[in-house]
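*Asks:* The residues making up each chain are set out below.
Number of protein chains: 2
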Amino acid sequence: MKNKQWILKKFPVGEISEGDLVLEENEVASLSDSQILIRNIYLSLDPANRGWMSGQKSYVDAMQTGDIMRGGTIGIIEESKNEKFKKGEIVNCMGGWQQFCVSDGKGVRQIPLGTGFPLDSYMSVLGMTGLTAYFGLLDITDPQPGETLVVSAAAGAVGSIVCQIGKIKGCKVVGIAGSDTKCKWLVDELGIDSAINYKSENVRQRLKETCPDGIDIYFENVGGSITEAVLTRMNINGRISLCGLISGYNAESIVPGPAWGNLLIKRIKLKGFIVFDYFKRYMEAYQDITQWLKDDKIKYKNHIIPGIENAGEAIRKLFSGENEGKLIVQISEEPN
Amino acid sequence: MKNKQWILKKFPVGEISEGDLVLEENEVASLSDSQILIRNIYLSLDPANRGWMSGQKSYVDAMQTGDIMRGGTIGIIEESKNEKFKKGEIVNCMGGWQQFCVSDGKGVRQIPLGTGFPLDSYMSVLGMTGLTAYFGLLDITDPQPGETLVVSAAAGAVGSIVCQIGKIKGCKVVGIAGSDTKCKWLVDELGIDSAINYKSENVRQRLKETCPDGIDIYFENVGGSITEAVLTRMNINGRISLCGLISGYNAESIVPGPAWGNLLIKRIKLKGFIVFDYFKRYMEAYQDITQWLKDDKIKYKNHIIPGIENAGEAIRKLFSGENEGKLIVQISEEPN
Numbered sequence: 001m002k003n004k005q006w007i008l009k010k011f012p013v014g015e016i017s018e019g020d021l022v023l024e025e026n027e028v029a030s031l032s033d034s035q036i037l038i039r040n041i042y043l044s045l046d047p048a049n050r051g052w053m054s055g056q057k058s059y060v061d062a063m064q065t066g067d068i069m070r071g072g073t074i075g076i077i078e079e080s081k082n083e084k085f086k087k088g089e090i091v092n093c094m095g096g097w098q099q100f101c102v103s104d105g106k107g108v109r110q111i112p113l114g115t116g117f118p119l120d121s122y123m124s125v126l127g128m129t130g131l132t133a134y135f136g137l138l139d140i141t142d143p144q145p146g147e148t149l150v151v152s153a154a155a156g157a158v159g160s161i162v163c164q165i166g167k168i169k170g171c172k173v174v175g176i177a178g179s180d181t182k183c184k185w186l187v188d189e190l191g192i193d194s195a196i197n198y199k200s201e202n203v204r205q206r207l208k209e210t211c212p213d214g215i216d217i218y219f220e221n222v223g224g225s226i227t228e229a230v231l232t233r234m235n236i237n238g239r240i241s242l243c244g245l246i247s248g249y250n251a252e253s254i255v256p257g258p259a260w261g262n263l264l265i266k267r268i269k270l271k272g273f274i275v276f277d278y279f280k281r282y283m284e285a286y287q288d289i290t291q292w293l294k295d296d297k298i299k300y301k302n303h304i305i306p307g308i309e310n311a312g313e314a315i316r317k318l319f320s321g322e323n324e325g326k327l328i329v330q331i332s333e334e335p336n
Numbered sequence: 001m002k003n004k005q006w007i008l009k010k011f012p013v014g015e016i017s018e019g020d021l022v023l024e025e026n027e028v029a030s031l032s033d034s035q036i037l038i039r040n041i042y043l044s045l046d047p048a049n050r051g052w053m054s055g056q057k058s059y060v061d062a063m064q065t066g067d068i069m070r071g072g073t074i075g076i077i078e079e080s081k082n083e084k085f086k087k088g089e090i091v092n093c094m095g096g097w098q099q100f101c102v103s104d105g106k107g108v109r110q111i112p113l114g115t116g117f118p119l120d121s122y123m124s125v126l127g128m129t130g131l132t133a134y135f136g137l138l139d140i141t142d143p144q145p146g147e148t149l150v151v152s153a154a155a156g157a158v159g160s161i162v163c164q165i166g167k168i169k170g171c172k173v174v175g176i177a178g179s180d181t182k183c184k185w186l187v188d189e190l191g192i193d194s195a196i197n198y199k200s201e202n203v204r205q206r207l208k209e210t211c212p213d214g215i216d217i218y219f220e221n222v223g224g225s226i227t228e229a230v231l232t233r234m235n236i237n238g239r240i241s242l243c244g245l246i247s248g249y250n251a252e253s254i255v256p257g258p259a260w261g262n263l264l265i266k267r268i269k270l271k272g273f274i275v276f277d278y279f280k281r282y283m284e285a286y287q288d289i290t291q292w293l294k295d296d297k298i299k300y301k302n303h304i305i306p307g308i309e310n311a312g313e314a315i316r317k318l319f320s321g322e323n324e325g326k327l328i329v330q331i332s333e334e335p336n
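If you read the sequences in order, they're chains A and B. In this text, residue positions in the first sequence follow this note's numbering: the first is 1, and each later residue adds one. In this text, residue positions in the second sequence follow this note's numbering: the first is 1, and each later residue adds one.
Because identical chains share one entry, a pair is satisfied inside a single copy or across any pair of copies.
Taking lysine to aspartate or glutamate pairs in the EDC-like style, the calculated list, with each CA pair at most 16 Å apart, reads:
#1 K167 / D296
#2 K269 / D139
#3 K84 / D104
#4 K10 / D67
#5 K167 / D193
Think of the hints as simulated: they come from the structure by calculation, not from any bench. Because the structure is a prediction, the values reported are computed rather than measured.
Build out the structure end to end from the sequences listed, making use of the hints.
*Replies:* Structure (structure tokens):
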């Protein structure tokens, strides 16, 4: 059986360019004892992918050239020699950029069926991005009613959920995004208070107008000049949840951060986090998010690109901001 | 009665230079109802003073040119028309760079006499710098036995107390300071594990050697390249207590900070603080520090410069690192 796989051929320098990732066709290995064969259905594309391609160890081991490109997936078990898994079960794992994945079951989790939610929602609002938004906002910043929350990359997979949880918690929410369409979606559909188009507006000036009482909480997805602008308007005892720094991921050398003077004078608490740190508390988040979805308090948008062949092109959309919602590649059909 | 006073004539650009602060002689005003007259004995010189001279509002109101230079003092009440204060009491307040201070009693606290500790210790280990060290380390970083603590400006008034509280809490303590004499004092007299002379040694290399298990806690007093070096060796879930950034205080424009990538990947918690935030918990710190002094677990060094005339020259020592211990100007004699 053939298996199309994207292979990391070179560590990208700056933007990912053609030739860094190459699509190859290989044979699927036959299963050893305790292994399972998964047919990948959905592949998650995330800003963090860029860091995995840097050749540098971070919170996960560094990828090597020649590796199958790493990625989170949802798939269906086609064959099992592992008693913990049955043929036909739907699972979530790091299945990689390929059609089929052979696994020993480590890190593979069954997704409950019959919840009424579409399968691709488990790649976003009910998957890692929803969990990231939940813990990054609630655990790190403890938002209180009436506080002002600013979210960067607000129309993104994580940011859009953060915005809505902020509203649920009674915050005034201001989102920063990269197009008028995204800003309109944030305000009109998701119900946040204001949105700022950082590509066409003066962020510093607009933050002044939209956050007259200063900023209590900043959910950081981007870094760079947006962060500088936010820091100058933070209130005393403000909190910053440091989730991502996408503006710098394609940089060819390390970009300095903002001066720490504002963090000191304003007694800011800043905390970096990775969603995996909250593994033991995932159920808590699922319960809340599921309820909010049922109550129509949370909306989400998945941007599904069909065909594994298109993954290499699709990931570039993330960094240019062309995606509308959580970026997912559909590798094969869902089961009926 | 004459009163020598240092007046802020110009906001310094870069280093404080002659003419920014000018010594003048004025008359002491006679007391109105509810006022007190304090004769200043000791004047505290601190890195934060530079920020107060910037013309920018921070955690306190901005100073204006023409103001008496702001500073923490210990003094004796010479005359009182306020029922809360009696002649002869020793008090701590923001008495300013002058021989006499007229106050309405706001922010003036009596210092208990007969404790057995010298009066100038209330300007350092039993004053703001001791409290700063105590809360900045214990409240923000929660040091655990066996963890590695790195302290910058380690031989300074705050840093040297942080180092010793770190040892009391069972940490491995590595200090960074600016001379071999200071480093020797830290290791031989204060008993920390290692010291690095940042002026003559490669900090990055020496941190590698002295912190083989990485750095769990960083007590930040300086900013700049030392911070960069520390960040690269921080462990996952590390904590940073952001107390000061002296390396940038004389900068003529804002110096960028380190990239936030390490804060994210390593899930660092960073918190800025100002000791005044802990006002309600001061007694807790006094009790512990007093006990540690009695048990000879904490040593301190005050660098006392006699004569109010010398304050203008003395403050420059702070930024060149020429001071040995807490920098204090003695304005008048202690009572017998």
